[in-house]
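Participant: Chains as they are written, first to last, in the numbering used here: chain A, 276 to 622; chain B, 276 to 622; chain C, 276 to 622; chain D, 276 to 622.
Keep in mind the hints are simulated off the structure, nothing from the lab.
Just so you know, not all the hints are guaranteed correct.
You can't tell identical chains apart in this list, so a pair holds if it fits in one copy or across any two.
Said to hold, decoys possible - Straight-line Cα separation of at most 25 Å, DMTMM-like style, residue types lysine to aspartate or glutamate; simulated pairs:
hint, residue 1, residue 2
1, Lys554, Glu358
2, Lys421, Glu302
3, Lys505, Glu447
4, Lys421, Glu538
5, Lys286, Asp457
6, Lys421, Glu494
7, Lys426, Glu358
8, Lys602, Glu291
9, Lys286, Glu454
10, Lys421, Glu288
11, Lys505, Glu302
12, Lys367, Glu288
13, Lys493, Glu595
14, Lys493, Glu422
15, Lys367, Asp283
16, Lys367, Glu326
There are 4 protein chains.
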Amino acid sequence: MVILMSPDCRKAEVAEILAAIRGRGFEPRIISSLSRTVIGIVEEMHHGRVEEMTALLSGLPGVEGIETFGGSFKLASREFRPERTIIRVRDKYIGGAPVVMAGPCAVESRESILRIAEMAAASGASFLRGGAFKPRTSPYSFRGLKEEGLKYLREASNLTGLPVVTEVLTPEDVPLVAEYADVLQIGARNMQNYALLEAAGETDRPVFLKRGLMATIKELLLSAEYILAKGNSQVILCERGIRTFEPATRNTLDLSAVPLLKEMTHLPVVVDPSHASGKRELVPALALAAVAAGADGLMLEVHDNPEAALSDGRQSLTLEAFDYLMKKIERVSMAIHESETGELKCA
Amino acid sequence: MVILMSPDCRKAEVAEILAAIRGRGFEPRIISSLSRTVIGIVEEMHHGRVEEMTALLSGLPGVEGIETFGGSFKLASREFRPERTIIRVRDKYIGGAPVVMAGPCAVESRESILRIAEMAAASGASFLRGGAFKPRTSPYSFRGLKEEGLKYLREASNLTGLPVVTEVLTPEDVPLVAEYADVLQIGARNMQNYALLEAAGETDRPVFLKRGLMATIKELLLSAEYILAKGNSQVILCERGIRTFEPATRNTLDLSAVPLLKEMTHLPVVVDPSHASGKRELVPALALAAVAAGADGLMLEVHDNPEAALSDGRQSLTLEAFDYLMKKIERVSMAIHESETGELKCA
Amino acid sequence: MVILMSPDCRKAEVAEILAAIRGRGFEPRIISSLSRTVIGIVEEMHHGRVEEMTALLSGLPGVEGIETFGGSFKLASREFRPERTIIRVRDKYIGGAPVVMAGPCAVESRESILRIAEMAAASGASFLRGGAFKPRTSPYSFRGLKEEGLKYLREASNLTGLPVVTEVLTPEDVPLVAEYADVLQIGARNMQNYALLEAAGETDRPVFLKRGLMATIKELLLSAEYILAKGNSQVILCERGIRTFEPATRNTLDLSAVPLLKEMTHLPVVVDPSHASGKRELVPALALAAVAAGADGLMLEVHDNPEAALSDGRQSLTLEAFDYLMKKIERVSMAIHESETGELKCA
Amino acid sequence: MVILMSPDCRKAEVAEILAAIRGRGFEPRIISSLSRTVIGIVEEMHHGRVEEMTALLSGLPGVEGIETFGGSFKLASREFRPERTIIRVRDKYIGGAPVVMAGPCAVESRESILRIAEMAAASGASFLRGGAFKPRTSPYSFRGLKEEGLKYLREASNLTGLPVVTEVLTPEDVPLVAEYADVLQIGARNMQNYALLEAAGETDRPVFLKRGLMATIKELLLSAEYILAKGNSQVILCERGIRTFEPATRNTLDLSAVPLLKEMTHLPVVVDPSHASGKRELVPALALAAVAAGADGLMLEVHDNPEAALSDGRQSLTLEAFDYLMKKIERVSMAIHESETGELKCA
């Protein structure tokens, strides 16, 4: 249940609403927004209670509306927040010119991650990615260096200034990962792990939420809603390929998701062509296509020795290929940006 | 890493292996099997350690082989265990003649679950299903009665003798749910929630593992392997529909999974046509088809008042329709069983 | 455009309608139906003409209604024809107790097809299938014996009494194939080859229409509508698997299509588990499941020497396996039929 | 069967091969190639004959190799022809800088197509598209103006200089359509209509071949192979979206197909974002993405009054939106081209 206060409501009215909610045994939550105050009750209610609370609260002063929306998303929608969300992470911004998050699939050693981070920064990357906790289809595969890996990521970040994006797999690990990471990544397999979404929603860290392999765009937004409803408004959405019948690529990158999400939500949208295609030779074309489609950023796998990588080496760019691609990305980004302002900058 | 002991190895040899593993800082785990002793090391190892441990252990007496199998499953395979696994839950058996697990999508009230359980038992159901913790796509939907719901399920079970199958959503909830439930259900969205799989694998409760909407049959078996590798050999697999392009049903029930899984694994296979189709009028035909395809059981949604159900009422059978269907199921089951013995029993 | 005449309309009124339509330059077509007269105009009309014709005809006596239905099907629907369509082919009937259509993927030689036909008949098959014109993904694959193959099929049919179902690939071949075949098969790749649908619709042969690999159920019915709209009311629908992400089977057999089609249309529904699964070891379970789901028949690939088959040998049953399966099919069919009448026949 | 002659073979040797083939009752076909002579025998052969012919021909002088390749494509592959195919149509070239094919879904009237063609040409389009023969899912939908529509297209082409791309639905219509059209389009539903592919392969018109909704990339190339094997080497491939589970777009545009096809084949690749997305507001982003991914061209639906279009108006750009998009396409194309030469032209 979400209570929208009128734009000109008074503080005393907000306080009265909070008291009324607590008086009925629920815990209200202020969901801040630039344009108005929104109060959420995230605890579940039985149907009868929903009706009772709606009747009670809608009569109080300062309340503009109450929404219960069964199957839909609200906080993630553009009608709720028309202006685009720009997320600041240290000195970087996600939501304007496209940013590039680069790094290996998994952190493998201190030396390797430091070297990759330095090279990625030199080529113009804005964020460092790398997995310390790895979800693996088989219980017998390498699952990451865990806290040791987080420490190496932090060291690489301190050295290069690149904020760290890294995955967290369980609600219990959220505090540990949040201690080292700048952005918490929730992977495709966990897109509907609601306890994890809510745990991430209770931190002050931006959350990088990947679309599930077989999740619709609406379901992605409903999963983002779980995080937003906990009061964390910093969610970055990531398209990373969906499962289809085509065997030539690991997944089918759904670039239509970029303009569609831009219509439906104010949250930034990043594309990961490495995991989508599973083949490094396809990554440059898809990365450029994502930028041309209007993505706010790219997540790219880069490795100093892809053939020896412990996971997903087949899809990692070499550092040289990454450096070359970064120059192309800049040109396409410039071409797109020029076209939006309606004039050629370099003409 | 899994160490297969030779069928005639001695106890002292097993003890020596266990000591050697502990001496290297790992925690060995006996994975019992009817036909031979198997020792597992589930903790992750770096590549170097894998080689070191393999060299060490393969030289010890009584060891027949060591397998590390990157992307494949072992404990779930028929080559590892040729005989079919039959799982006993109180006085019921899963893995022989088909069993029926019936009940509402969500436990809604004490009265309702007691009434449904009594009627389901009277119609011949063997297990009671019902969700107390409900995973919901939207954060604003009803998420179940939680512990209160578990208590009602327990009461209904005590009254009717039907063991309870109910879903658990997070590793932390496993002990609580295991206190009330006879079988722990892991839902489709959580099929690759590895922390949850491992937590369930550490209990002594059978685990009912649903195939993810986007999961291949091999991935389902690899998720079962996570549970088996923790030493819990009681895993029941459930086909419940996959996502396809067809909009006329909620999901496409993949009945080919039944004979395929029978070839690939010794674990029992149950089919849930209610969630697959999403339409109650399709459930009887698909339930009978599943039995004819060789399923070891069915999970069916039944409700005393489907139109008023808090979730998934559209796919729940009425108690009358369920009673009628149970008679048909028995006849098809008899026809299939007769054909396997090669003679008509009633001829 | 379809003109529904009132059930009690007079012959003179029908004649007047036909004349009015011809007077506007269109060719009317009587689409016979057991319950009422229906007149179709299948030629395309511009939008303006649709309005003009509707105004003209709706004012004439005996006309109950006029439908233009853009995206929907009419003649195939159960509301148009509530009673089930039963199709007679020589002395066989499709639409009652399940029939079995058996034979090789492709006709390979006279000896082979005669031997298979005799054995299939002896085991209880009702129809002989076999391709003389084969659609092949590659231009370099064997495309069938063509007219020579048709002659062998006819000879095998005369010998055994089994009517022949065989595929036709192009509108030009329709007369040739219709000369030898009892039932014209239109394959999955041609489900939306509209010229072919219409050419088959203009014959007096029943048409066996296979669902496309990625066709929705509604699209299958719309393709059937093309045939029905040409005045040929004898259409048999065939579910043969759809394309999904699952690699373990060639296609995913969608058995939900059986009860769904039974709700939506009066046309009989046959299932082909051989092409769906692509693996002979899965065929028996899926064949029995199809019968239990209520299918009006099965199409099964059978070969006297599957390992040497020129196409699709991997999915063909041996003659022995087919014989054994036929006995099982009979038992499941009996169990289903018993349950419908509500009593056990052999009790 | 394809016979590759050695690069330095003599004319007399080729003549001898042709005679030998005719002597065995087959009709050889010279498949010209810039780099060497290739002789094809497209007629089907029984297995025994394949062996016999291979033995016979491989002994003759000038023959470098013989390939029968069951399930694979040859003439479409880059190993067969390393240099890219550039197709000239009047004064336009497909295969270099991206070309734009624009026009309405269906030709609706003379006035409309002339107006659209003039405006499209003024905005920089290179080809005029428009359907005179329309394949429709329902038999009751508008199927195009047929020859009348072809005449209007020709008139519009003569007026503007834009070559015409238009769909042909059946083998019989190929001569008629080829009389008016510059490029024959084979639509997605007909991608595996082999008679149609072969009829188009026997003309001297370039063929625009759309990927089927359910077709893999390999199957698309095998369908192209049908055309190439008839001696027509001018095939343009078109990615236009595949069917997936996602309901927010009509189809899922698979842009990975662009770099993949560029690796696998020498044929040019065009993208149709209008049919893929089904929503005009997504078309600009996807069009730019396709160009950035390296497509050789775009097919775009444009209409002077989309809301009143007889088919697919929902996905057609207005003439104004098209004009604006053309400028963006040029900039992205320039950015991509610059990056390939490694220097900014305008810097």
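Participant: A separate judgement is required for each hint: does it hold in the structure or not?
Facilitator: Going through the hints against the structure:
Taking identical chains as interchangeable, the C-alpha atoms of Lys554 and Glu358 lie at most 25 Å apart only when they sit on different chains, with a minimum of 23 Å there against 36 Å within one chain. In this assembly of identical chains, the alpha carbons of Lys421 and Glu302 lie at most 25 Å apart only when taken from different copies (18 Å versus 34 Å within one copy). Within a single copy, Lys505 and Glu447 get their C-alpha atoms as close as 17 Å, and across copies as close as 20 Å, so both meet the 25 Å cut-off. Proximity of Lys421 to Glu538 under the C-alpha cut-off of 25 Å is found in neither arrangement, the shortest distances being 38 Å within a copy and 37 Å between copies.
For the identical chains of this complex, Lys286 and Asp457 are neighbours neither inside a copy (33 Å) nor across copies (51 Å), given an alpha-carbon limit of 25 Å. In the homo-oligomer, the alpha carbons of Lys421 and Glu494 lie at most 25 Å apart only across protomers (24 Å), although the nearest pairing inside one protomer, at 29 Å, exceeds that limit. Taking identical chains as interchangeable, the C-alpha atoms of Lys426 and Glu358 are never at most 25 Å apart, the minima being 37 Å within one chain and 47 Å between chains. For a Cα distance limit of 25 Å, the shortest separation of Lys602 from Glu291 qualifies neither inside one copy, at 56 Å, nor across copies, at 56 Å.
Taking the shortest alpha-carbon separations for Lys286 and Glu454, neither the intra-copy value of 34 Å nor the inter-copy value of 46 Å comes in at or below 25 Å. In the homo-oligomer, the alpha carbons of Lys421 and Glu288 never lie at most 25 Å apart, since the shortest distance is 47 Å inside one protomer and 34 Å across protomers. For the identical chains of this complex, Lys505 and Glu302 are intra-copy neighbours only, at 11 Å inside a copy versus 39 Å across copies, given an alpha-carbon limit of 25 Å. In this homomeric assembly, Lys367 and Glu288 never come within 25 Å of each other (Cα to Cα): the closest approach is 37 Å inside a single copy and 59 Å across copies.
Taking the shortest Cα distances, Lys493 and Glu595 never come within 25 Å of each other, neither inside one copy (38 Å) nor across copies (31 Å). For a Cα distance limit of 25 Å, the shortest separation of Lys493 from Glu422 qualifies neither inside one copy, at 34 Å, nor across copies, at 30 Å. Taking the shortest alpha-carbon separations for Lys367 and Asp283, neither the intra-copy value of 33 Å nor the inter-copy value of 62 Å comes in at or below 25 Å. For the homomeric pair Lys367 and Glu326, neither the shortest alpha-carbon distance inside one copy (44 Å) nor that between copies (43 Å) is at most 25 Å.
Checked against the numbered hints listed earlier, the structure breaks hints 4, 5, 7, 8, 9, 10, 12, 13, 14, 15, 16; every other hint is satisfied.
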